[in-house]
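Asks: Those protein sequence lines, which keep their order, are chains E and A. My numbering applies: residue 1 is where the first sequence begins, and numbers increase by one. My numbering applies: residue 428 is where the second sequence begins, and numbers increase by one.
Keep in mind that the hints were calculated from the coordinates and are not lab data. The beta-carbon is built from N, C-alpha and C at its ideal position, and this holds for glycine as well. Errors might be hidden in some of the hints.
Listed next, the in silico SDA-like pairs over lysine to any residue satisfying Cα-Cα at most 25 Å (straight line) [as the list claims (entries may be wrong)]: (1) A:Lys672 to E:Asp319; (2) E:Lys245 to A:Gln668; (3) A:Lys672 to E:Phe321; (4) A:Lys672 to E:Ala316; (5) E:Lys37 to E:Val75; (6) E:Lys245 to A:Gly665; (7) A:Lys672 to E:Asp278; (8) A:Lys672 to E:Gly318; (9) A:Lys672 to E:Ser320; (10) E:Lys245 to A:Asp705; (11) A:Lys672 to E:Val219; (12) A:Lys554 to E:Val219; (13) E:Lys245 to A:Gln671; (14) E:Lys37 to A:Arg702; (15) E:Lys245 to E:Ala256.
Partial chain E-side listing against chain A, Cβ under 10 Å, derived [unchecked claim]: (16) Cys174; (17) Trp211; (18) Tyr237; (19) Gln241; (20) Val273; (21) Arg275; (22) Gly277; (23) Pro284; (24) Trp286; (25) Cys287; (26) Arg292; (27) Phe334; (28) His396; (29) Phe398.
2 protein chains.
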Amino acid sequence: MPDAATLAALEKAVDANWDKQVAWLQDLVRFPSLRGKEGPCQDWIARAFAQRGWSVDRYTLDQVAMDHLPGFSPVMDTDYAQAVQVVATVRAPEQKGRSLILQGHVDVVPEGPADMWTHPPYDPVIKDGWMNGRGAHDMKQGVSAMVFAMDALRSAGLAPAADVYVQTVTEEECTGNGALSTLARGYRADACLIPEPTANTITRSHVGVMWFRLRVRGVPVHVAHAQTGTNAILAAYGLIQAVQKLTAEINQRARAHPWFKDIADPVKFNPGVIRGGDWGSSTPAWCEVDCRIGLLPGTPLEQARQEVLDAVAGAARGDSFMANNPPEVIWNGFQADGYTLDPGSEAEQVLAGAHQAVFGTKMQARLGTGVNDTRFYGLYYGITGLCYGPAGEGAHAFDERAHLPSLKRTTLAIAAFIADWCGTRPA
Amino acid sequence: MPDAATLAALEKAVDANWDKQVAWLQDLVRFPSLRGKEGPCQDWIARAFAQRGWSVDRYTLDQVAMDHLPGFSPVMDTDYAQAVQVVATVRAPEQKGRSLILQGHVDVVPEGPADMWTHPPYDPVIKDGWMNGRGAHDMKQGVSAMVFAMDALRSAGLAPAADVYVQTVTEEECTGNGALSTLARGYRADACLIPEPTANTITRSHVGVMWFRLRVRGVPVHVAHAQTGTNAILAAYGLIQAVQKLTAEINQRARAHPWFKDIADPVKFNPGVIRGGDWGSSTPAWCEVDCRIGLLPGTPLEQARQEVLDAVAGAARGDSFMANNPPEVIWNGFQADGYTLDPGSEAEQVLAGAHQAVFGTKMQARLGTGVNDTRFYGLYYGITGLCYGPAGEGAHAFDERAHLPSLKRTTLAIAAFIADWCGTRPA
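Isolated chain E, as found in the complex (with noise of 0.2 Å):
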C-alpha cells in the first residue's frame, strides 16, 4: 500500500490532470478504430508518447514472425501490414524496483447499425458522468488511465524506479497477435497489468474462446423445382443447432470446473456473422456463418477444436446432401487458451493494497466469460498478467458508456500500483 504522502501527490496530480485526461479520451473515442482501421489513431497515440519524451517503438504486425509461437491465432481477410503496434518505453536508470508493461487495446468492435444509438457511436458526448462511444468503455478508458496514471506520477515529482513500458495493442477483440507481438519483439517485465473495464475486480479466471466459420455448399435450383436442390442456409442452421447442442453439454461438465462451476453456462456459443445465397428465387448454393465458442480453462484448445469438428461432422451424415458435400470448418480468429491468474502473486497483493487504499474496499475477484489479453504474459512467458480496470457500460453493445467518476478513481488506483510496485525515484 502506498504511504499517504505519496498517494495524496498522486491524488492531487489525477485531480490537475483530469480535465485533460477526459479530453484525451474524447480524442480517443473520436477514432473509429475498427479492425483494420486503428493505424491513425495508433499514429496520434504514438505521438502523443513521444511528446511525453517516452522512447517510442511503432511497428506493424507483418513486421513481426509469431505464428510458430504458442498463442497465435490465424487470421484471414486482414491486412497486417495496416496493424499498427505501440510500445513506449520509460526507462529507469537503475532498476531499484520492478519493472512493469501497461498494455491496453485500441481496436473497437463493430458498432451496429447507428440508428440503434442514442449518440452517434463516435461521439463522446458526456452527460451525468458518463462518456458515449464505442470503444468508450473497452477500453479506451483503460487506456486513458494508464497513460494518465504515469502522467500523474511525474506531476506529483515521481518517475518508477523500474523500467516500464506502455504499449497500445490491436487485435485484442479477434486474435490477441498484438499482445503476442510484443512478447515476439522482446519486451518483457516483472508483471504486466491491463486495465480493461473490470469494474474494480480483478480477474482471477477467464474462458478461452475460439473463433470459426462453418461453410456450407449446396446445389442452386430454380425454387420451381426446389425438390432437387439443397438450401446452404437451412443446412447452415442444421450445424449451428448441433453447435448449441455441444455448447449444452460443455456448460454441463462446466459444474464440475475449479473455478466456473457456479457461473450458469460460461461457455458461450454465438453465430455472430452469416451470409449466404445470391438470389432470391434460388436455392443458396452457399452460407457461411462466422461463431465464437468458449472453453473453459485447462480445455486444451485441441481437445475443444475436435469436438466441435465432431459435433458438425455428426450433423453433416445426418444430411443427404452435407453427407457427401461435408461443411467446412476454418479456423479463423482467436484461438485463445483461458488463464487462471493464480491466487497469491507478489503482483496482485500490490495492486490489492493500490485498490484498497484508493476504494477503501477489498480487491473483489471476478471470473470471466470473455478473454483478454493476460493470458499471453501468465502462460507463455511467466508473467503475472493482472486485468483490473474502471467500471462502465455496453462493451460490443449500443450506447456504450465509460463511467467517469469510476475512471478517475482508477486512474489513482493504478498510479498508487505503479509506485508501489516499480518504486519510485524523483522526476
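Position chain A against the provided structure of chain E, taking the given hints into account.
Replies: Chain A in isolation, oriented as in the chain E frame:
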C-alpha cells in the same frame, strides 16, 4: 397448321440460318446480363434489331410510369435508369392477319460460386449438342428462337401479314416490371408468345410468386454476457421456420386446387439470401433474409401477404425479444399473381397446330411452380399469353445448358406459328 409448302420453306430457312443462330446465341450468352447490368446486352440486341430494318424503341424503366398498374412489383436497391428495354416493331402495311407480341427476357440470375461450374458461366461452350451458360437455357435460347423464327420467314421470302412486336425485356426474374412497362407504353396485340424453356409444352397454369425481406433487429452485447442479448440470426431462423410451417399448410390446401391438386407441394418457400451481424464476438444486432414464396392461381396477393404477415407476427409473439421489437416484412420484388391459360383459345389452337406439324406429336400442357411474364398479358390486358419454348437444363443452377436440337425444332415451330397466326405476305 401451316401448309406443307410453307413449312418446308421455313424449315429450309431455319436450316440455312442455323449456324448464324448458334453464333448469335453464343454472343448473347457471353453478356453477363445480371440484374442492373443488362444494358450492354440490350444495346447489342437493339442494334441487331435495327440491322434487320425493324423499328426499335429502346427505353429504360425509369422513363415509364407504371407503379399504379396491376401487376407492378415494388423495388429497392435497384436503379431503373440502367434497366434498358427493347421493343422492335415489324409493321405490316395492311393488317390481314392477327397481330402478335413475341417477348423474351435477357436478365439472368446470379451464377453462384464459379468453381462449381464445369465451364465458366458466361462461356457458351458447345458439347454434344448442348450449349453451356448462365441464361443459355433460361431464356436466351428462347430469345434466339423468336428472332430467328422471324428471320426464317424473311429468308423464305415471307413477312407477317399483321404487326409483330419483338420485345426483349428485363426484370422477369425479380419483378416482371420489364414486361409491364411494354404494356404501360402501349404495346398491344392479338396474342403474345413467350418462348421460355418449357421443353415444347404449353404452360397451362403457373403459381404466383412473392418476394419479401424478413428484417430482424436484436440487441448486441458482448457475447460474454449473451444471456442479456438477443441473437438476430437465431431469431430470423425462428421466422423462417414459421413460414415453412405456413407453406406446408398452403400445400395441404393445394390438394383441392383445380389445377395443382396432383402436384406435390406446388407452393415453394425459399429463404434465398441471408446476411446478418458484424462481428463474431458480438451477438448479431440485425439479420435480413430475402425470401420467395409461391401462391396458387386464384389466391389474391393481398390474402397471401396477410398469411405471411400473420405467420411472422405469430412467431414474433412467441419470442421474448421480438414481441417488443417486431420484425419487419418488406415486400421487395415479385408481387406476381398466378395465371391460368384457359384451354380453348384460338392462339393456343394455332400454336398446337404448329407444334404438331413440326414435332408430329400433340402439344402437352404443363403446370408451372414458377412464374413467367405471360400473366401480365392474360390477366390485366386480355391478351392470350402463350408460354412455349425449347428444352434444356439447369435454370438458376450450375451447368445450365440449352439443348440445341430442341432449339432448332422450336425455332421452326415458332416460325410456323407466326406464319399461321399472322398470316403471310411476300417479303
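Asks: Each hint should be assessed against the structure and marked as holding or not.
Replies: Here's how the hints hold up against the structure:
1. Of the pairs offered as hints, the one joining lysine 672 of chain A and aspartate 319 of chain E holds, with about 20 Å between alpha carbons and a cut-off of 25 Å not exceeded.
2. Annotation: proposed proximity of lysine 245 of chain E to glutamine 668 of chain A holds, straight-line Cα distance about 19 Å (limit 25 Å).
3. Between the alpha carbons of lysine 672 of chain A and phenylalanine 321 of chain E the distance comes to roughly 22 Å, so the proposed pair stays at or under 25 Å and holds.
4. Between the alpha carbons of lysine 672 of chain A and alanine 316 of chain E the distance comes to roughly 23 Å, so the proposed pair stays at or under 25 Å and holds.
5. Restraint check: the Cα-Cα separation between lysine 37 of chain E and valine 75 of chain E comes to about 16 Å, which is no more than 25 Å; the hinted pair holds.
6. A hinted pair counts as satisfied when its Cα atoms are at most 25 Å apart, and lysine 245 of chain E with glycine 665 of chain A qualifies at roughly 17 Å.
7. Of the supplied pair hints, the one linking lysine 672 of chain A and aspartate 278 of chain E holds, its CA atoms being roughly 24 Å apart against a limit of 25 Å.
8. Our distance criterion of 25 Å between C-alpha atoms is met by lysine 672 of chain A and glycine 318 of chain E, whose separation comes to about 22 Å.
9. For the hint linking lysine 672 of chain A to serine 320 of chain E, the alpha-carbon distance of about 21 Å falls within 25 Å, and the restraint holds.
10. Taken as a hint, the lysine 245 of chain E and aspartate 705 of chain A pair is honoured in the structure, with Cα atoms around 24 Å apart against an allowance of 25 Å.
11. With a C-alpha separation of about 23 Å, the suggested pair lysine 672 of chain A and valine 219 of chain E falls inside the 25 Å cut-off, and the hint holds.
12. Taken as a hint, the lysine 554 of chain A and valine 219 of chain E pair is honoured in the structure, with Cα atoms around 22 Å apart against an allowance of 25 Å.
13. The suggested pairing of lysine 245 of chain E with glutamine 671 of chain A holds, with an alpha-carbon distance near 23 Å, which does not exceed 25 Å.
14. Taking the CA atoms of lysine 37 of chain E and arginine 702 of chain A, the gap is about 23 Å. The hint holds against a cut of 25 Å.
15. A distance of roughly 19 Å separates the Cα atoms of lysine 245 of chain E and alanine 256 of chain E; the hinted pair therefore holds under the 25 Å criterion.
16. Because the smallest distance between the Cβ of cysteine 174 of chain E and any Cβ of chain A comes to about 7 Å, under 10 Å, the interface hint for this residue holds.
17. Taken as an interface hint, tryptophan 211 of chain E checks out: its beta carbon lies about 5 Å from the nearest beta carbon of chain A, inside 10 Å.
18. With a cut of 10 Å, the hint placing tyrosine 237 of chain E at the interface with chain A holds, because the nearest CB-to-CB distance is about 5 Å.
19. The beta carbon of glutamine 241 of chain E is positioned within 10 Å of a beta carbon in chain A (closest approach about 9 Å), and the interface hint is therefore held.
20. Hint status for valine 273 of chain E relative to chain A: holds, with the closest Cβ pair at about 4 Å, below 10 Å.
21. Residue-level restraint check for arginine 275 of chain E holds (minimum Cβ-Cβ distance to chain A is 5 Å; threshold 10 Å).
22. For the restraint placing glycine 277 of chain E at the interface with chain A, the shortest Cβ-Cβ distance is roughly 4 Å, inside the 10 Å limit, so the hint holds.
23. The criterion of a C-beta within 10 Å of any C-beta in chain A is met by proline 284 of chain E, whose closest approach is roughly 6 Å, and the hint holds.
24. Checking tryptophan 286 of chain E against chain A by beta carbon gives a least distance of about 6 Å; that is within 10 Å, so the hint holds.
25. Interface hint status for cysteine 287 of chain E: upheld, as the beta-carbon distance to the closest one in chain A is roughly 7 Å, under 10 Å.
26. This hint holds: arginine 292 of chain E has a C-beta 5 Å from the nearest C-beta of chain A, less than the 10 Å allowed.
27. Among the interface hints, the one on phenylalanine 334 of chain E holds; its C-beta lies about 8 Å from the nearest C-beta in chain A, closer than the 10 Å criterion.
28. Interface hint status for histidine 396 of chain E: upheld, as the beta-carbon distance to the closest one in chain A is roughly 4 Å, under 10 Å.
29. With its C-beta approaching chain A no nearer than about 7 Å, phenylalanine 398 of chain E sits inside the 10 Å limit, and its interface hint holds.
In this structure, none of the earlier numbered hints is contradicted; all agree with it.
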